[in-house]
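**Student:** Take a look at the letters that make up each chain.
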Amino acid sequence: MANPSTTPNLKGVNFEAVQLTPDDSESVLNIIPSGAKVVKCLDGVNGVNDFVTLPSLATVRDGHSIMIICNTAGMEIRTPASDAEEINSENCDGTKEYTVAAGDQIHYFTKIDSTIGWMGNGYTAIGAVVGAITPGA
Amino acid sequence: MPNNSQLYPPFAGVHFKVKNITADDSDSALNTIPAGVVSVNVVGVTNDTDDYIVLPLLKTVQDGHEISIQCATGGAFEMRTPASSTELINNKDCDGTTEYLCTDTEVLKVVKIDDTIGWMAHAYSAIGAVVTAVVPD
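Sequences listed follow chains A and B, in order. Using numbering that gives the first Met the number 0, you'd call the opening residue of the first sequence number 0 and step up by one each time. Using numbering that gives the first Met the number 0, you'd call the opening residue of the second sequence number 0 and step up by one each time.
Hints are computed from structural coordinates only; laboratory data are not their basis. Any given hint might turn out to be false.
Calculated pairs, BS3-like style, for lysine-lysine (alpha carbon to alpha carbon, straight line, at most 27 Å) [as the list claims (entries may be wrong)]:
1) A:Lys36 to B:Lys58
2) B:Lys18 to B:Lys58
3) B:Lys108 to B:Lys58
4) B:Lys91 to A:Lys95
5) B:Lys16 to A:Lys36
6) B:Lys58 to B:Lys91
7) A:Lys95 to A:Lys36
8) B:Lys91 to A:Lys39
9) A:Lys39 to A:Lys95
10) A:Lys10 to B:Lys58
11) B:Lys16 to B:Lys58
12) B:Lys108 to B:Lys18
13) A:Lys10 to A:Lys39
14) A:Lys36 to A:Lys10
15) A:Lys10 to B:Lys108
16) A:Lys36 to B:Lys108
17) B:Lys16 to B:Lys108
18) B:Lys18 to B:Lys91
19) A:Lys95 to B:Lys108
20) A:Lys10 to B:Lys18
21) A:Lys95 to B:Lys58
22) B:Lys108 to B:Lys91
23) B:Lys16 to A:Lys95
Whole structure, please, built from the sequences with the hints as guidance.
**Tutor:** Encoded structure:
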């Protein structure tokens with residue numbers, strides 16, 4: 000049954016973590032579904048250059064934020080192939096990638112708008128701020 | 000009534016009820032954060048700055064579950080995992096073996112990584128400055 004309130008008053012919300020497997024090409028294994036709020040990344044298929052893909056900007060609203068619990072080995076985050084969408088002001092459709100170091104880091108991606116793209120920031124597993132990441136080739 | 004019909008229900012906003020708790024020197028309902036609660040206000044201590052609050056058992060919340068904790072005790076207090084659970088905060092056993100020190104007026108964010116790694120905790124000052132990562136001791 001649909002919740003009739005558009006501003007529900009809740010004690011909490013459980014967001015189901017979407018489990019994804021980083022890979023070296025896009026597939027259902029590694030694409031974050033539109034609307035997902037929490038993503039838990041398993042070990043990559045190949046290695047640390049494997050990636051998961053953010054939703055297309057057009058499919059989520061401005062301000063939409065996604066928490067990605069990255070894997071132990073390290074991995075990359077991209078935007079969908081050939082879409083020219085950006086993370087931290089860099090084209091991350093495969094031209095460049097947002098690289099996450101090893102150690103089960105937690106990174107947040109917030110859609111600014113459909114032109115500017117995503118802002119990404121993160122923390123280590125022990126609570127330290129990860130310096131701003133400039134996606135590289 | 001639970002909303003089970005839509006995986007991604009659109010809301011204009013969500014209000015989370017704040018759970019007020021009081022730090023104490025033993026685990027009880029007084030100082031334990033219930034599973035599922037996402038907004039907590041720590042309103043005081045029972046004895047002194049060694050009093051503590053208790054996070055939910057890891058298995059009772061999902062990966063990526065995030066709790067926002069407002070420190071409003073007028074002084075320091077501590078944060079633990081449930082007694083004898085051996086569950087970790089920032090990679091330290093915080094079931095009483097060590098504790099995470101909480102500072103008055105700060106805002107804590109605590110995120111479950113998974114059942115093995117445990118919780119990652121980080122904090123901001125009341126004026127938005129990042130607090131240096133706390134190593135429980």
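**Student:** Each hint should be assessed against the structure and marked as holding or not.
**Tutor:** Cross-check of the supplied hints:
1. A:Lys36 to B:Lys58: holds (19 Å)
2. B:Lys18 to B:Lys58: Holds - the C-alpha atoms of Lys58 (chain B) and Lys18 (chain B) are around 20 Å apart, at most 27 Å.
3. B:Lys108 to B:Lys58: OK: Lys108 (chain B) and Lys58 (chain B) at ~19 Å, within 27 Å.
4. B:Lys91 to A:Lys95: violated (36 Å)
5. B:Lys16 to A:Lys36: Holds. Lys16 (chain B) to Lys36 (chain A) sits at ~20 Å (cutoff 27 Å).
6. B:Lys58 to B:Lys91: Holds: Lys58 (chain B) and Lys91 (chain B) sit about 18 Å apart, inside 27 Å.
7. A:Lys95 to A:Lys36: holds (24 Å)
8. B:Lys91 to A:Lys39: Since the Cα atoms of Lys91 (chain B) and Lys39 (chain A) sit roughly 22 Å apart, the hinted pair holds (cutoff 27 Å).
9. A:Lys39 to A:Lys95: holds (22 Å)
10. A:Lys10 to B:Lys58: The given pair, whose Cα atoms are some 19 Å apart, holds under the 27 Å limit.
11. B:Lys16 to B:Lys58: Distance of about 22 Å is within 27 Å: holds.
12. B:Lys108 to B:Lys18: Between Lys108 (chain B) and Lys18 (chain B) the Cα gap is close to 15 Å, so the pair holds against 27 Å.
13. A:Lys10 to A:Lys39: Measuring from Cα to Cα gives roughly 24 Å; hence the hint holds.
14. A:Lys36 to A:Lys10: holds (18 Å)
15. A:Lys10 to B:Lys108: holds (17 Å)
16. A:Lys36 to B:Lys108: holds (16 Å)
17. B:Lys16 to B:Lys108: Answer holds: Lys16 (chain B) to Lys108 (chain B) is near 16 Å, not above 27 Å.
18. B:Lys18 to B:Lys91: holds (26 Å)
19. A:Lys95 to B:Lys108: The hint is violated at about 30 Å.
20. A:Lys10 to B:Lys18: holds (8 Å)
21. A:Lys95 to B:Lys58: Roughly 37 Å separates the two Cα atoms, so the pair is violated.
22. B:Lys108 to B:Lys91: holds (17 Å)
23. B:Lys16 to A:Lys95: violated (42 Å)
In summary, the numbered hints that this structure violates are 4, 19, 21, 23.
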